[in-house]
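Model the full assembly from the supplied sequences, consistent with the hints where possible.
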Amino acid sequence: MKLVIPFLTTRPPGGPEAAVAQQKAGQAILVEGLNKSYGDWPVLWNLNLSVGWGEFVVLLGANGTGKTTLLRVLSTQARPESGMVNVAGYDCIRQADSVRRRVGVVGHSGFLYEDLTCRENLLFYGQLFRVEPIRPRVEAVLSLVGLTRRADHRVKTLSHGMQKRVAIARAILHQPRVLLLDEPEGGLDQESVAMLRSLLREWTQSGRTVVMTTHNVELGLAWADRVAVLSDGGLQFQNREEYRDSAKLQLSRASSPDQAASGGTALTAGSPGE
Amino acid sequence: MATADPVRQPRLSLTNLLVVLGAALMLADVYLIFMVAPTDSVLGDVQRIFYFHVPMAIMSFLAFFVVFVASILYLARRDQQWDRLAHAAAETGVVYVTLALLTGIIWARPVWGTWWQWEPRLTTTLILWLIYVACLMIRAYAPNPTQGARYAAVVGIVGFVDVPIVYYSVQWWRSIHPSAVVGPLAEAGALEPVMQGILLFSCLTFLVLYLYLVVERTALRGLEDQVRLLKFSMRRTGR
Amino acid sequence: MNSILQPVAIIFWKDILLELRSKDIIVSAAVFGFLVVVVFNFALNVTPRLVTQLAPGILWVAFAFAGTLVMNRSFVREKEQGGLEGLLLTPVSRDAIFLGKALASFWFMLIVEAALLPVFAALLGFAAFSRILLLTIVLATLGFATVGTLFSAIAVQTRSREIMLPVLFFPIILPVIIGAVEASSQAIGGGASGGISRWLPLIGVFDALFLVICPWVFSFVVEE
Chain A
117 MKLVIPFLTT RPPGGPEAAV AQQKAGQAIL VEGLNKSYGD WPVLWNLNLS VGWGEFVVLL
177 GANGTGKTTL LRVLSTQARP ESGMVNVAGY DCIRQADSVR RRVGVVGHSG FLYEDLTCRE
237 NLLFYGQLFR VEPIRPRVEA VLSLVGLTRR ADHRVKTLSH GMQKRVAIAR AILHQPRVLL
297 LDEPEGGLDQ ESVAMLRSLL REWTQSGRTV VMTTHNVELG LAWADRVAVL SDGGLQFQNR
357 EEYRDSAKLQ LSRASSPDQA ASGGTALTAG SPGE
Chain B
380 MATADPVRQP RLSLTNLLVV LGAALMLADV YLIFMVAPTD SVLGDVQRIF YFHVPMAIMS
440 FLAFFVVFVA SILYLARRDQ QWDRLAHAAA ETGVVYVTLA LLTGIIWARP VWGTWWQWEP
500 RLTTTLILWL IYVACLMIRA YAPNPTQGAR YAAVVGIVGF VDVPIVYYSV QWWRSIHPSA
560 VVGPLAEAGA LEPVMQGILL FSCLTFLVLY LYLVVERTAL RGLEDQVRLL KFSMRRTGR
Chain C
49 MNSILQPVAI IFWKDILLEL RSKDIIVSAA VFGFLVVVVF NFALNVTPRL VTQLAPGILW
109 VAFAFAGTLV MNRSFVREKE QGGLEGLLLT PVSRDAIFLG KALASFWFML IVEAALLPVF
169 AALLGFAAFS RILLLTIVLA TLGFATVGTL FSAIAVQTRS REIMLPVLFF PIILPVIIGA
229 VEASSQAIGG GASGGISRWL PLIGVFDALF LVICPWVFSF VVEE
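Residue numbers (our numbering), protein chains in the order written: chain A, 117 to 390; chain B, 380 to 618; chain C, 49 to 272.
Treat the hints with care, as some may be off.
[As the list claims (entries may be wrong)] Distance ranges between label pairs, derived from CB positions:
hint, chain 1, residue 1, chain 2, residue 2, range
1, C, Gly252, B, Met613, 55 to 65 Å
2, B, Asp458, A, Gly142, 27 to 37 Å
3, B, Gln550, C, Gly173, 27 to 37 Å
4, A, Ala338, C, Arg207, 36 to 46 Å
5, A, Ser347, C, Val87, 55 to 65 Å
Derived by calculation from the structure, the hints in this document are not laboratory data. In this text, a Cβ means the ideal position worked out from N, Cα and C, and glycines have one as well.
Below is the structure:
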């Protein structure tokens, strides 16, 4: 077990030169030697990850293994102690604004203002992302997530599933190239989950990349091209067959007996939409 | 003496030197203050407190400058060592400014008849004390030490820029609403040469003491960080 | 220049819109300010003779405390609804985010003060509308908003946010309070304190200085 002392390492290597190299290599996400701690608690160390364009990667792992942290580093919300993190060809530390323009994030909180309507929220973010032309784009996104009828309702009056849809709309509004989702299927009803799946499928088919974390192993396996498991601060990539056979899958199956009993349905039941 | 102890910091010799020097200076200083310095014709023996109060007050302002510089360097370079220095300088500084205030109060009572007067330099010292306290509180109340370090650095920078403005505003305010008294710090100018000499010596003593405390505390902080990290790593591998 | 002003305006209008919907910041701050004045009136026994001496102090204590309420609530609302994180995910510069929030707080505080001033004037018996007084209020509030927005961004992420903001804010803002009280005192007619020649420039320098420093350090406060 390697003992990494995060605060003794200095500036991250790579940067603009690596971005150029990555653009040439055509990687959507390139992470090398990532170290991230919260305070003194190291969460990720010496992590490497590479994701190509058009790939759908699902991150799995027990609670506290750093799935959310990794996503936050990729989205520039969190700043790593050291290591190189390139997303969509730009360095997350030195060219953070360029990364933010090309990344869409669906997190635990919706990043939405509850007292504003859906449309107002989208217009607000659209203006900050300098989306042009803004109004047609907002309408297009609203219809894509099926919320045109509710567009003038305040967000706090919507159900959790609807709020998630608005959050997804917000994430894709500025046409990012990489979509990062943190447990998006939580609390969604079947219809919403199906909508999300078809949206993500279109997304990857158009050559864009998705990285998603989830607790729902079956769903993750069904949707992903590649599965990565986070444990002990690092990643182990496995294809779906490997993961099915591994002992970890037995453990996670055992922890959700209702799923095993129902024959492994991929969808979680949430509250019915209103 | 064991030389291969990995936990000992490499600056042992500097710390030792400062301790010895500081102790020697302090002994000499105390002797000078109580034996050599002439008794003040107006105030009597109580005036001797002044030789403690003034250096400590000056040192507390200097300490804040150290906090300021270390804070800027920490935010710019992200090197933990600067944070340790800022933390140590702030902690030592708050001790100094507290003592400066206390000696000011002790001086005030027999001389003015009250415990406190809102004269410019004392008031500015009080504000400095509050800013120091805020700096240390923010470390304690922050969600984790790294964020605490950053917030404390921001407070240190903003606070240091503000202190001169506070001083001038209080001084102007006092010139409009004058009180009858002038504070101990203000009297540092009009002194006999002997007294000035002892005052300077006192300043030197407290400077060396300050340096010693900061160096020691910075190293101690480094040890604390290492222990915390080891604990967490042990917990991780123990799983 | 345009590229920083536009996001500032967008964020500013968003805060205005949110406040129009819920109205909770302005109303609660105004009520609190009013309560402060009422309590002071009894605590200090303000007779007509003492008005010119005491009124400026009471006024600015009320404005300062109501101001901390405004800035605190502004960031608490942002944090609770995940808005701050959302803002940080946009390519907008952190300076612009700071200026947008500070401008909104500035505006809300001015509204609260505009609502309270006539009431105070009536209660305490002084003439409210002098140019020096109004200018003092604008300059001092700008200082409050600048420093206060920075510190509430820090305070809102700590355990004891209600106590952290005053602890951070009041020592730093002291020169502004001294200047505002002295200038107001002259404006109300309490004698020549050198309001225009001395205190307003002091507040102005304070504002200018911290309008440069605070946006810069704000980016260090909000990163993770």
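Hints, one by one, checked against the model:
Between Gly252 of chain C and Met613 of chain B the beta carbon distance is about 56 Å. The supplied range of 55 to 65 Å therefore holds. Between Asp458 of chain B and Gly142 of chain A the CB atoms are about 36 Å apart, so this pair conforms to the stated range of 27 to 37 Å. Look at Gln550 of chain B against Gly173 of chain C: about 32 Å separates their beta carbons, and that is inside 27 to 37 Å. Evaluation of the 36 to 46 Å hint for Ala338 of chain A and Arg207 of chain C yields a pass: the beta carbon distance comes to about 42 Å.
Evaluation of the 55 to 65 Å hint for Ser347 of chain A and Val87 of chain C yields a pass: the beta carbon distance comes to about 59 Å.
Taken one by one, the earlier hints all hold for this structure without exception.
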